[in-house]
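Please model the complete structure; the sequences and the hints are all you need to start from.
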Amino acid sequence: MSDQTQGTRFVDRLGKVYGIYTLGFLGFFALMAIVEQLGASAQLIGILFLLFTIAIYATIGWLSRTMQVDAYYVAGREVPAFYNGMATAADWMSGASFVALAGGIYFGGYPYLGFVIGWTGGYVLVNALMAPYLRKFGCYTVPDFIGTRYGGNLARLCAVLVLVVASFTYVTAQINATGTIAARALAIPFEFGVWFGLLGILLCSMLGGMRGVTWTQVAQYIVLIIAYLVPVIWMSNAQGFGIIPHFTYGDAALRIAELEAEYGLVAAAQSVAGLKVLTTAHFDPQGGLDSWKFVTLALCMMAGTASLPHILMRYFTTPSVRQARKSVGWSLFFIFLLYFTAPALATLTKLQLLDPNLATAVVGKAIDDVSNLEWIQNWTAVGMLSVVDQNGDGIVQLNEFFMRPDIVVLATPEIAGLPYVISGLVAAGGMAAAMSTADGLLLAIANALSHDLYYKIIDPKADTKRRLIVARVLLVVIGVLAALIASLQLTGILGAVAWAFCFACSGLFFPLVLGIWWKRANRPGAIAGMIAGFAAGTIYLIHVYNGGDQLWSIDHLRFGMIGMPVSLVAMVVVSLVTEAPDAEMQAMVDETRVPTGKTILAETH
Amino acid sequence: MSQDNRRLHWAKTSRLTYWVLAIWLLFGYVFPFFAKDLDGGSFLGFPLGYYMIVQGSLIVFVLLIVGHNFLQDRIDEECGLSDE
Chain A
1 MSDQTQGTRF VDRLGKVYGI YTLGFLGFFA LMAIVEQLGA SAQLIGILFL LFTIAIYATI
61 GWLSRTMQVD AYYVAGREVP AFYNGMATAA DWMSGASFVA LAGGIYFGGY PYLGFVIGWT
121 GGYVLVNALM APYLRKFGCY TVPDFIGTRY GGNLARLCAV LVLVVASFTY VTAQINATGT
181 IAARALAIPF EFGVWFGLLG ILLCSMLGGM RGVTWTQVAQ YIVLIIAYLV PVIWMSNAQG
241 FGIIPHFTYG DAALRIAELE AEYGLVAAAQ SVAGLKVLTT AHFDPQGGLD SWKFVTLALC
301 MMAGTASLPH ILMRYFTTPS VRQARKSVGW SLFFIFLLYF TAPALATLTK LQLLDPNLAT
361 AVVGKAIDDV SNLEWIQNWT AVGMLSVVDQ NGDGIVQLNE FFMRPDIVVL ATPEIAGLPY
421 VISGLVAAGG MAAAMSTADG LLLAIANALS HDLYYKIIDP KADTKRRLIV ARVLLVVIGV
481 LAALIASLQL TGILGAVAWA FCFACSGLFF PLVLGIWWKR ANRPGAIAGM IAGFAAGTIY
541 LIHVYNGGDQ LWSIDHLRFG MIGMPVSLVA MVVVSLVTEA PDAEMQAMVD ETRVPTGKTI
601 LAETH
Chain B
1 MSQDNRRLHW AKTSRLTYWV LAIWLLFGYV FPFFAKDLDG GSFLGFPLGY YMIVQGSLIV
61 FVLLIVGHNF LQDRIDEECG LSDE
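Chain order of the listed sequences is A and B.
In case it helps, our numbering puts the first sequence at residues 1 to 605.
In case it helps, our numbering puts the second sequence at residues 1 to 84.
One or more hints might be untrue.
Unchecked claim - Using 25 angstroms as the maximum straight-line C-alpha spacing, the simulated DSS-like pairs for lysine-lysine come out as follows:
| # | chain 1 | residue 1 | chain 2 | residue 2 |
| --- | --- | --- | --- | --- |
| 1 | B | K12 | A | K519 |
| 2 | A | K598 | A | K519 |
| 3 | A | K293 | B | K36 |
| 4 | A | K276 | A | K365 |
| 5 | A | K293 | A | K276 |
| 6 | A | K598 | B | K36 |
Unchecked claim - Among chain A residues calculated to face chain B with C-beta under 10 angstroms, some are:
| # | residue |
| --- | --- |
| 7 | D70 |
| 8 | V116 |
| 9 | L125 |
| 10 | A253 |
| 11 | P285 |
| 12 | L332 |
| 13 | G417 |
| 14 | G597 |
I should point out that these hints are in silico values taken from the structure, not numbers from a laboratory.
Please read all numbers here as calculations on a predicted model, not as lab measurements.
We treat Cβ as the ideally placed atom computed from N, Cα and C, and that holds for glycine.
Right, dumping it as structure tokens:
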């Protein structure tokens with residue numbers, strides 16, 4: 001894997017290596033289950049799970065160390081489609097997808113499901129409009145494409161700016177998530193958890209750059225998908241919902257609708273800070289405005305997917321254009337495995353809590369019994385859950401059961417009475433999800449700054465060694481900054497994630513798409529598109545976030561709906577009133593559109 | 001590799017892409033938009049509108065990418081522009 005071992009190439013042994021790894025992880029899981037039976041504490045199992053998995057990632061990071069530019073920036077362009085698909089899926093599925101998605105579906109109903117459609121359908125755009133062409137281009141970073149396609153440092157700089165803002169917004173949320181998980185599993189304060197998480201993240205990415213991140217992300221995907229699927233399937237079998245619940249939970253959804261009508265969805269008499277009661281129907285689309293909110297959210301998330309640099313740069317690492325396309329298909333398949341499980345999880349967990357016919361029910365039961373449940377006590381102790389008999393009738397009502405949305409996944413094994421080893425597994429999965437995304441994002445930011453800002457703009461004469469040292473220093477600096485901000489805990493996990501998508505699509509979507517699909521697009525147009533779109537989106541975000549009036553019911557989660565049209569209009573108008581790109585640039589676009597032949601940029605640049 | 005060949009390749013590629021985007025629009029936006037109306041129907045015991053959003057459209061997206069790539073590979077090969 002490292003530069004020294006050139007005997008048999010690591011990429012030729014991938015199947016064997018990751019096969020053994022997967023079996024090893026399952027073996028570790030079995031071992032932990034035995035250790036639990038022998039009487040080990042839940043705490044110890046949680047700690048072992050985290051330390052064992054992070055030690056493996058760090059080892060991979062160490063073995064992937066490199067001093068070659070193309071290995072550092074694009075993993076040597078030798079990642080096969082199947083593995084790049086797994087790495088992208090881990091890159092993509094953040095702490096938010098893993099931890100908060102099912103909780104969001106649980107509480108958010110139809111409008112929230114816009115995230116599910118948006119975060120999967122975006123890959124159709126990635127495949128149709130972006131990935132194969134960017135791979136043909138041969139860039140190291142997304143601003144590298146913008147800078148070369150449109151020419152000039154200003155265009156490159158604008159792209160770097162949008163990239164940094166979008167990715168930084170996202171990465172703080174991920175480091176926050178690693179901190180939350182580490183804090184709970186290791187029983188350390190959140191502030192320490194954040195630094196512990198950052199250390200793990202840097203161990204994966206600093207020495208090997210994209211190569212290190214790629215091979216750790218594959219390992220992280222394997223952990224996270226096992227950690228997501230095993231509890232759901234186990235729970236389903238333990239509670240009698242079927243062997244594989246995914247295709248049979250329709251009845252559960254219908255039953256929930258009945259129960260919701262019976263209990264009534266009413267706000268709590270007295271709210272509890274930071275916690276929520278269920279007030280939105282499981283699935284009850286109203287049409288009209290409700291549908292509008294759904295599709296606008298989905299559109300922002302899809303366009304954001306197709307413009308987020310940490311995702312696009314994964315497709316620079318495949319050996320060919322065809323492999324790049326193929327790996328988009330694998331990416332979405334691996335993502336799909338989690339995304340079609342999340343609604344099943346949310347539905348079955350909700351049914352277990354709501355249906356008085358089930359032993360696990362909480363709502364409709366006597367308050368004294370509920371308060372004595374172990375899992376209720378555990379989560380109440382950390383302030384993430386609360387059951388209060390506000391109407392004093394001795395029975396828990398639907399609006400007396402308070403919960404923090406993002407504990408749904410973490411608490412499911414406990415609700416269903418599964419052994420603690422499952423909770424340890426889930427913690428390791430959440431950690432893998434948050435770490436892998438944070439790695440991709442930090443690398444995207446540091447690479448844009450080191451390659452585009454430092455090497456291309458500030459010091460084009462820098463030698464390889466210097467470039468790679470600068471890249472690593474930046475990686476650490478940005479990681480530390482992100483951890484500092486994360487430790488301030490400014491936003492909930494999901495708010496910041498949606499913002500990152502909106503920043504990215506406001507500033508980058510049209511300059512990227514039109515750079516390939518519209519030959520007439522030129523430098524002034526692209527610059528106008530990036531600046532106007534990004535500025536309009538940002539101003540609107542600040543406006544609505546501070547309580548300003550909403551335009552067409554577009555809230556702060558969807559500000560890309562303002563940024564994108566502004567960007568499109570600005571780019572088209574400015575392109576048309578200024579001179580057409582010269583023949584050389586037009587030929588470059590033509591060349592980008594065919595899969596054969598040399599990349600536009602040299603193999604190493 | 002002739003200029004005409006490249007033009008043909010791009011014309012076919014664009015046409016395929018437009019079809020893909022049309023299907024994407026249908027499953028990503030049109031069906032979810034009319035989820036309330038679709039809910040009258042039922043599939044595998046799920047209300048249809050709900051099914052499409054939590055599963056149906058997702059499956060279509062995966063198949064759409066696979067199908068797109070299959071046809072795109074054919075176009076590339078027909079025009080002698082495949083890179084593998």
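A quick look at each hint next to the structure:
no.: 1; hint: B:K12 to A:K519; result: holds (17 angstroms)
no.: 2; hint: A:K598 to A:K519; result: holds (20 angstroms)
no.: 3; hint: A:K293 to B:K36; result: holds (14 angstroms)
no.: 4; hint: A:K276 to A:K365; result: holds (19 angstroms)
no.: 5; hint: A:K293 to A:K276; result: holds (21 angstroms)
no.: 6; hint: A:K598 to B:K36; result: violated (51 angstroms)
no.: 7; hint: D70; result: violated (18 angstroms)
no.: 8; hint: V116; result: holds (7 angstroms)
no.: 9; hint: L125; result: holds (7 angstroms)
no.: 10; hint: A253; result: holds (6 angstroms)
no.: 11; hint: P285; result: holds (4 angstroms)
no.: 12; hint: L332; result: holds (5 angstroms)
no.: 13; hint: G417; result: violated (26 angstroms)
no.: 14; hint: G597; result: holds (8 angstroms)
Of the hints listed earlier, those the structure fails to meet are numbers 6, 7, 13, in rising order.
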